[in-house]
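Q: The residues making up each chain are set out below.
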Amino acid sequence: MALDKTEYSMSAAEKMSNGAVGRNKNGVRVDRLDGHVHQNGSVKKEKRRPFIESFEKIPLLTAATTFIGFHLILLMGYITSIIFTPKVAREKNRKGYVPLYDRFESFYSRYVYRRLRDCWNIPICSCPGSEVTLKDRVTHDCGWTFEYTGTRSTALNLGSYNYLGFAQAEGSCSEDSAVKIKELGCATASPRIEFGTQKIHQELEALTAKFVGMEDAITFGMGFATNALNLPSIVSKGCLVVSDEKNHASLILGLRLSGATIDVFKHNNMESLRQVLHSAVIKGQPRSHRPWKKILIVVEGVYSMEGSIVRLPEILELKRQYKAYLYVDEAHSIGAIGRNGRGVVDYFGVDPKEVDILMGTYTKSFGSAGGYIAGSKAFIDHMRVNSHANCYATSMSSSCAQQIISSMKIIMGMDGTNEGKKRINQLARNSRYFRRRLNQMGIITIGNNDSPVVPMMVYMHSKIASVVRRLKTNNIAVVGVGFPATPLMEGRIRFCLSAAHTKEQLDNALVHVEEAADFLGLRYSRKRRSKEPVHYSDSESEVE
Amino acid sequence: MVSMDMFHELFESLNALQNAPTYHLLFEAGLIAWLMWLLFRPSYNPHDRERLTRREEQELIDEWTPEPLVPATPQDSRALHPRIVSGKVGKYIQIGERNCLNLGTNNYLGMIENPEIEKSALECLSHYGVGSCGPRGFYGTTEVHLDLEDKLAEYMKCEEAVVYSYGFSTIASAIPAYAKRSDVIFVDEMVNFAIQKGLDASRSQINYFKHNDMEDLERLLMEQADLDRKNPKKAKRTRRFLVAEGIYMNTGLMAPLPKLLELREKYKLRFFLDEAISFGTIGKTGHGLTEHFNIDPSEIDMISGSLENSIGSIGGFCVGSHFIIEHQRLSGLGYCFSASAPPLLMAAAITALDIMQRDPSIFQTLRDNSTFIHSQLSSQLPSDLRVHGHPESVIKHIRLANPSGDKVADEQLLNEIVDKCEEAGLALTTAAYLSDREVNLPEPSIRVTVNALLSKNEIEFAVKTLKNCAESVFKIQL
Ligand SMILES: Cc1ncc(COP(=O)(O)O)c(C=O)c1O
Numbered sequence: 001m002a003l004d005k006t007e008y009s010m011s012a013a014e015k016m017s018n019g020a021v022g023r024n025k026n027g028v029r030v031d032r033l034d035g036h037v038h039q040n041g042s043v044k045k046e047k048r049r050p051f052i053e054s055f056e057k058i059p060l061l062t063a064a065t066t067f068i069g070f071h072l073i074l075l076m077g078y079i080t081s082i083i084f085t086p087k088v089a090r091e092k093n094r095k096g097y098v099p100l101y102d103r104f105e106s107f108y109s110r111y112v113y114r115r116l117r118d119c120w121n122i123p124i125c126s127c128p129g130s131e132v133t134l135k136d137r138v139t140h141d142c143g144w145t146f147e148y149t150g151t152r153s154t155a156l157n158l159g160s161y162n163y164l165g166f167a168q169a170e171g172s173c174s175e176d177s178a179v180k181i182k183e184l185g186c187a188t189a190s191p192r193i194e195f196g197t198q199k200i201h202q203e204l205e206a207l208t209a210k211f212v213g214m215e216d217a218i219t220f221g222m223g224f225a226t227n228a229l230n231l232p233s234i235v236s237k238g239c240l241v242v243s244d245e246k247n248h249a250s251l252i253l254g255l256r257l258s259g260a261t262i263d264v265f266k267h268n269n270m271e272s273l274r275q276v277l278h279s280a281v282i283k284g285q286p287r288s289h290r291p292w293k294k295i296l297i298v299v300e301g302v303y304s305m306e307g308s309i310v311r312l313p314e315i316l317e318l319k320r321q322y323k324a325y326l327y328v329d330e331a332h333s334i335g336a337i338g339r340n341g342r343g344v345v346d347y348f349g350v351d352p353k354e355v356d357i358l359m360g361t362y363t364k365s366f367g368s369a370g371g372y373i374a375g376s377k378a379f380i381d382h383m384r385v386n387s388h389a390n391c392y393a394t395s396m397s398s399s400c401a402q403q404i405i406s407s408m409k410i411i412m413g414m415d416g417t418n419e420g421k422k423r424i425n426q427l428a429r430n431s432r433y434f435r436r437r438l439n440q441m442g443i444i445t446i447g448n449n450d451s452p453v454v455p456m457m458v459y460m461h462s463k464i465a466s467v468v469r470r471l472k473t474n475n476i477a478v479v480g481v482g483f484p485a486t487p488l489m490e491g492r493i494r495f496c497l498s499a500a501h502t503k504e505q506l507d508n509a510l511v512h513v514e515e516a517a518d519f520l521g522l523r524y525s526r527k528r529r530s531k532e533p534v535h536y537s538d539s540e541s542e543v544e
Numbered sequence: 001m002v003s004m005d006m007f008h009e010l011f012e013s014l015n016a017l018q019n020a021p022t023y024h025l026l027f028e029a030g031l032i033a034w035l036m037w038l039l040f041r042p043s044y045n046p047h048d049r050e051r052l053t054r055r056e057e058q059e060l061i062d063e064w065t066p067e068p069l070v071p072a073t074p075q076d077s078r079a080l081h082p083r084i085v086s087g088k089v090g091k092y093i094q095i096g097e098r099n100c101l102n103l104g105t106n107n108y109l110g111m112i113e114n115p116e117i118e119k120s121a122l123e124c125l126s127h128y129g130v131g132s133c134g135p136r137g138f139y140g141t142t143e144v145h146l147d148l149e150d151k152l153a154e155y156m157k158c159e160e161a162v163v164y165s166y167g168f169s170t171i172a173s174a175i176p177a178y179a180k181r182s183d184v185i186f187v188d189e190m191v192n193f194a195i196q197k198g199l200d201a202s203r204s205q206i207n208y209f210k211h212n213d214m215e216d217l218e219r220l221l222m223e224q225a226d227l228d229r230k231n232p233k234k235a236k237r238t239r240r241f242l243v244a245e246g247i248y249m250n251t252g253l254m255a256p257l258p259k260l261l262e263l264r265e266k267y268k269l270r271f272f273l274d275e276a277i278s279f280g281t282i283g284k285t286g287h288g289l290t291e292h293f294n295i296d297p298s299e300i301d302m303i304s305g306s307l308e309n310s311i312g313s314i315g316g317f318c319v320g321s322h323f324i325i326e327h328q329r330l331s332g333l334g335y336c337f338s339a340s341a342p343p344l345l346m347a348a349a350i351t352a353l354d355i356m357q358r359d360p361s362i363f364q365t366l367r368d369n370s371t372f373i374h375s376q377l378s379s380q381l382p383s384d385l386r387v388h389g390h391p392e393s394v395i396k397h398i399r400l401a402n403p404s405g406d407k408v409a410d411e412q413l414l415n416e417i418v419d420k421c422e423e424a425g426l427a428l429t430t431a432a433y434l435s436d437r438e439v440n441l442p443e444p445s446i447r448v449t450v451n452a453l454l455s456k457n458e459i460e461f462a463v464k465t466l467k468n469c470a471e472s473v474f475k476i477q478l
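Protein sequences, first through last, are from chains A and B.
For the first sequence, position 224 (counting from the first letter as 1) is numbered 224 according to UniProt numbering, and the numbering increases by one without interruption.
For the second sequence, position 97 (counting from the first letter as 1) is numbered 97 according to UniProt numbering, and the numbering increases by one without interruption.
No incorrect hints appear here.
Restraint-style ranges between C-beta atoms, simulated for each label pair:
(1) B:Ile-476 - A:Lys-377: 29 to 39 Å
(2) B:Ala-29 - A:Arg-290: 50 to 60 Å
(3) A:Arg-290 - B:Asn-294: 50 to 60 Å
(4) B:Gln-205 - A:Lys-377: 38 to 48 Å
(5) A:Ala-249 - B:Gln-205: 21 to 31 Å
(6) B:Glu-97 - A:Ala-378: 29 to 39 Å
(7) B:Leu-38 - A:Gly-96: 52 to 62 Å
(8) A:Val-179 - B:Glu-63: 49 to 59 Å
(9) A:Lys-377 - B:Glu-97: 22 to 32 Å
(10) A:Phe-107 - B:Val-439: 34 to 44 Å
The calculated lysine-lysine pairs, modelled on DSS-like cross-linking and capped at a C-alpha distance of 30 Å, are:
(11) A:Lys-92 - B:Lys-236
(12) B:Lys-475 - B:Lys-464
(13) B:Lys-234 - A:Lys-95
Since the hints were made in silico from the structure, they are not lab data.
Beta carbons are placed, not taken as given, at the ideal position from N, Cα and C, and that holds for glycine.
Just chain B, with the same shape it has in the complex (with noise of 0.2 Å):
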């Protein structure tokens, strides 16, 4: 009905126009014309006069030349040459023709080795293949990774976990899933690259406090809140978050959370704890560092963890209420967007954490160890070194105790150390960063990680070899 009506009415105005008179409609062009022309006409462009003509472009394209893709690579570099590891990154690894006895990895646990889960490992592979093709949105979601997460929150006494198919994209995908451009979040200098890449980014404003120092820590949040007084409307829209590390990677250090927790309540701001190390080595029962504090876990907003540590597999997960987990279903970069984890890799998580809870027996066995190997590098290391690192701390941090401030030289001589100790059938390796990338580069260091397996023998081989290598190399430097 409507268009029947249109068509009359556009019918009616061209007989109109059909019998005005010429001069009319000639004077109405005219008008029109002019007052296309008043409102199309270009408008007067001062860069126009500068205009580059085509020759002129091609010439700027002919002349630029871009910088090579990449600099040139020194030859020399570490990286260029890693050391090839035969058979299992397990207590001893075989390094060329040398056996040596490990501790330079995150088996903690000891749990590479481990028959029971090479054996559920093999059952997955032989019922769901390796790959899952496809993200947990579109079929990736196999009834492994729902057991897992199940059995995670359950470990973690927390309402939901999350898995990601990849330790590192774990916190660097949680942490830009909450935290936003016009957020702040206060966090400790020395976290792992992990969370740095997580913190870029969420692009939120980031308030660095020196390390375990809760001091400055307040002193930044009163900071905060001073200028959220100024603008009250503004920090009614700033969400605050606060980072830590359970053990710090690259410290050995615990983190002081009661403190931490309180400050939290205080200043109302979120918590993510990164436990990639604390969980499954600290603890009564391992559950990392809410049971060392003896502290509910849902005071803390998020928790994560790594499943390539302690747990021996390959991924990492984030447990928390469902409220703030569900979240990352739907916006955590590396959960959406890339293909789950490999089912078998679940399925060997899940037995290590079965192990885990049967017998806490070996959290006991790993804190002596660790407190042993503590005492023993404090006593027995040449005077030129330090260990630094919690006691109870799966790892530590042997470094110089005299820096020369050249960190380059630094790191290559204990690098000779390192050489020196594996001819001695003596695994260890220096903390590798990349020493550009770093927001605060640690000071080089040897890192010695501990595991549950080592005997008493072991660690004062271990000792005895570190020293005597240590003092060989720093005779030669003399």
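Bound conformation, chain A alone (with noise of 0.2 Å):
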């Protein structure tokens, strides 16, 4: 028995990695996994660049200051909040009600969180382009209330999901957009399946489905709502879904909402997610021990707040193994990656259509609004007449149908023009670079060597903070992440990289991040750090 069970998982862990699995002390994980190319049948195998995710841990005594930091920081809040409470954070005539807010939470944002609160919210007064210009701001109270100072300043922009760069105010997609809203007006006032449809709708979709390698597909007026509204009509009660315990809020409200029983796995785990799928197959629903009606797994193509892309070959394995569904959520890796920046299936040459459902958005590579569902033609009816967001919620602006068909052209080749091309090569570039030259400053980054959102880890609370302010005042925006948005030790700057940067934007964000990391303490990695200059290369063969 003992033997029986050796033998299976060690099958089992041959089978999961197509290809060599190398790990290496230093916290990287080097895989080669190639994407099945099936055709007629017939397996062909595409060699594919080294798959490079870091996942280095974070160094004893960061934690430890991390977690008593986390504390002072509780304890300081607790004790203003007991010297005063500001008249602000009173309700009005409500004596006697049970009060609105949980106390842990509202102390948390009153206390905690206001301390921190100007990294967050910062206005902008232009397109989010390379640059964006920022609306100054000052606070008086420590963050209770703000006031603007009525001056602007410009900063290098690396917070936006403008992955392609095509969020631009001039160019021929705003031209085109602006020819739109004189020919269909802003909005419809209906949803689709009223008054809501008229043709830039059809083709957006048609575009869509021939772009992402699908035979249809159906649009919708949010990102958001993609995930929230529609998972209900595809799973329901007696149906599991296998979800990755990262997976954005939408999807987790959608899976809520449909009412499926739900199983979480590791982040990017595949053995995890071998572990789950098998014992949900063999031992059925729980109590009853009847079978699944279904089963769905759901994913992310690059998760955004860890920067990793999803293992899909090995997914697509167990998938097939185990007769479960895929629904992979492409919101920041369509466009973004892949030769072809047709996301993650094209990244691992697979063909899309093993991947039953292919969701997406709008918002970031194309620099519009809204979200996409790809599938079969029988998959994706059944979403058009049972979809609550097709039947209830207004159809999307002809300005942002009109701004993806002509950014998804540009991406296409189909302006005959290879500027679609430049973009995705440039951004794959900058990506590479930026990462590397992080790592080789001593800074620890997670996720994979190739997804333009790269998390620099901070761990502290206080250090959030301290980086965003820092790279403010020089001119860069950021985004910082921490508690409850992450894990309580995994606090985390994040660099979102554009087609739209250039090398020396890049290098002149490096020079300041390199300033507060030695400032604030930065350089937490322990791996051996290579001397030689990174080069900024358009190479695609490069390995760290």
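Put the complex together from the two separate chains, hints included.
A: What follows is the structure, encoded as structure tokens:
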């Protein structure tokens, strides 16, 4: 029996990694994930770039100080909360009511988050391109209120999801959008199913289906709602959803609304996924032990807080093995990765049709708004009839639809230029260059080497704010993320790269990041660093 | 210093071990081993014998056949063949070859075709581009968003407003931001689908009261009060909410606001009012239900509204006190975890609000049109049909006077009338519902929407066309 087990796990390990698995001590995992391209039943293997994911552990001392530091902040907040409760935090005319907010929640937002509040919600007064104009503001009361100074400052934008640089106020995309506003108006005041369908919506759906390589697609006015309002039409009670622990709030909401049972597996951990699937099929539903109606695996292409890329080929293998269906949210991967910018399937060179449902948003790479779901014709027909959003929510604005059509055509080269290709390459180059430079400085980054999202670990709560503020004074806009959006000990700064960034801009940013790293002690990494200069090349085969 | 001491101790004990006699060491080792075995021995587990072998497991996996991803879809479903509108979805719409008078979309104030709004959207586009490329927290807040929020708060006479990028997700995110699993929500049974999804997401206990029936609501509240008396400890932690719509999308009726507020006060409920339809249509200057009943908006904890109907843009908003609204900026899921609305749509909304403020006579026209169409429909429709809704409501539901009980057949019949109207140059629609998802599926209806641009002649044309088409369909039926 024992033998049975080891034999099993070994064969599973072999199966799971389609190729060599190398793990070296530095906390870098190098795999060679090969996509299978099924063509007429034959399997063609395509050699890919190595799949490099870093996962360096938090140094013990840092962990301890982070933990203590956080509790110190809580304590400080607690003391201030005893000393004074400002008027703004009180509810009027609701005496004797059960308090509206949970005590810890309101304490946290008033006394902990408040002190760092200046690092978020910074208003902008320009298009979020490679540079962005920030509206300056000051606070005289530790973040309770803000005052606008009336001045503005321009900063390098490392915070927006403008992966392919289509957030532009000029150029053909916005010109085309303007034409459509004049022709079709801003909105329809009707859902798709009633009078909200214009020709442009059908054109967008056909083009999206072609772009992602599926039979058909359906589109909605908001990416968040695409998940939240469509998952309930795909799974229901008696179905099992196997969901990555780092999945986005919209996916979690959609799954919760669906009534299906949800089982979580460790982030991008294939052994964990296998175990969940295995026991789900064998044990069936809890209590009744009836077999599940169906099992749906829900993952994202690129994880926006982790910078990791989903291990798609292995998931496809498991999906086949356990007869599960697969839903991939490509919000941050569509346009952003893959040789042709067509997302994770393109990145791994797998046939898109092997994935059952490809979902994505137009908010990021296309510089617009909205979301899509693509799949087989039969599946999309089902969605058209049953989707909550298709039936009740207003259809997409013509301006957004046109922005997507124009930018997508550029990415596909349908405009007759190689502009799209250039942007895709520029983004890939920027992503790799920036991450490698950070690593060379001894900064811990997590996630995949090819991902345009680069999280820089700072761990400590107070350092998140310090870095954001410091970089802001140096005219660099970045996003800090901390508890509760991340686990307590994993505060980070997130850089989002864009095809609009030039090498000079990135170099300038890196100088200031390095300064901040020295000042705040962010060189946590204990990996050996190479002294060799990092080249900003477009060579695709470079390995660390 | 501490570590030095530790090394010293370790060294000493190692030395002591070396000097001890062998039998002593052996005896102690045996003792330790036995203790270990006691501690870690596998406990007897009756399930062990039931454990499957690898082959049995594989058999189970091979045997399992999942259901298809989705069931087959009937190809004649209306959702698969939506009407395609060319050009703007304005007062008149072009469907195929036909130009129809439009009484089917929520363009109550005719903002969709307003050139001034178009101009401001275009100006904004040329400055900001289309998308915002980030959530509000992460550089997705533009000056335009802030402007609109200020204007909305001022217009609704509240402290603060928060804007969402999608009408549906507004109330659906706002409710679960406050109501949690241990709370109780009292809600009208006919609320729209977005509210229903918000209720689902909150996982609170939901108590539906009969549509606009205040006695039924009070009965439920008294039941709850009884429960609370029995378990005062739990009652101290249970928040109670009341949710209603200003004008109900599904019935066209108006909520009895004064009575709701009375109950709110008596039973200490927090009151959320969804004014998706009543905002910009009801009240002397279009401020909604509070103005209609002459009630101070601060009596209501939160009012939500849509930018997709009277405003003619896309998005939604919530207004209320700073204490209430600010919470959504950290807890409203659709607010925090979604890119902010495209600035140009916010600019369009600002201009629409300006127009509403500048020329309040538009609301008088709208009210006149609504009441006129109501009286016309009431008097002219054949006896098989009946108009439902508040006379001042911009939404009228036309239902069969004697429903057959078969909702599918009834809807088909109404659709035949709608199709006939379209041939005659009048665009109408049956209200679309997901019949297996609604908590309380409304009777099928033709949903007529009124707008301020309609002339008397056009209204008379619409009513006459509807009357004739209905009569011809019913004649075939007989
Ligand atoms: C994985 C994922 N899905 C969906 C969304 C929501 O998309 P949108 O911003 O278009 O609403 C996001 C955005 O942050 C996301 O990261």
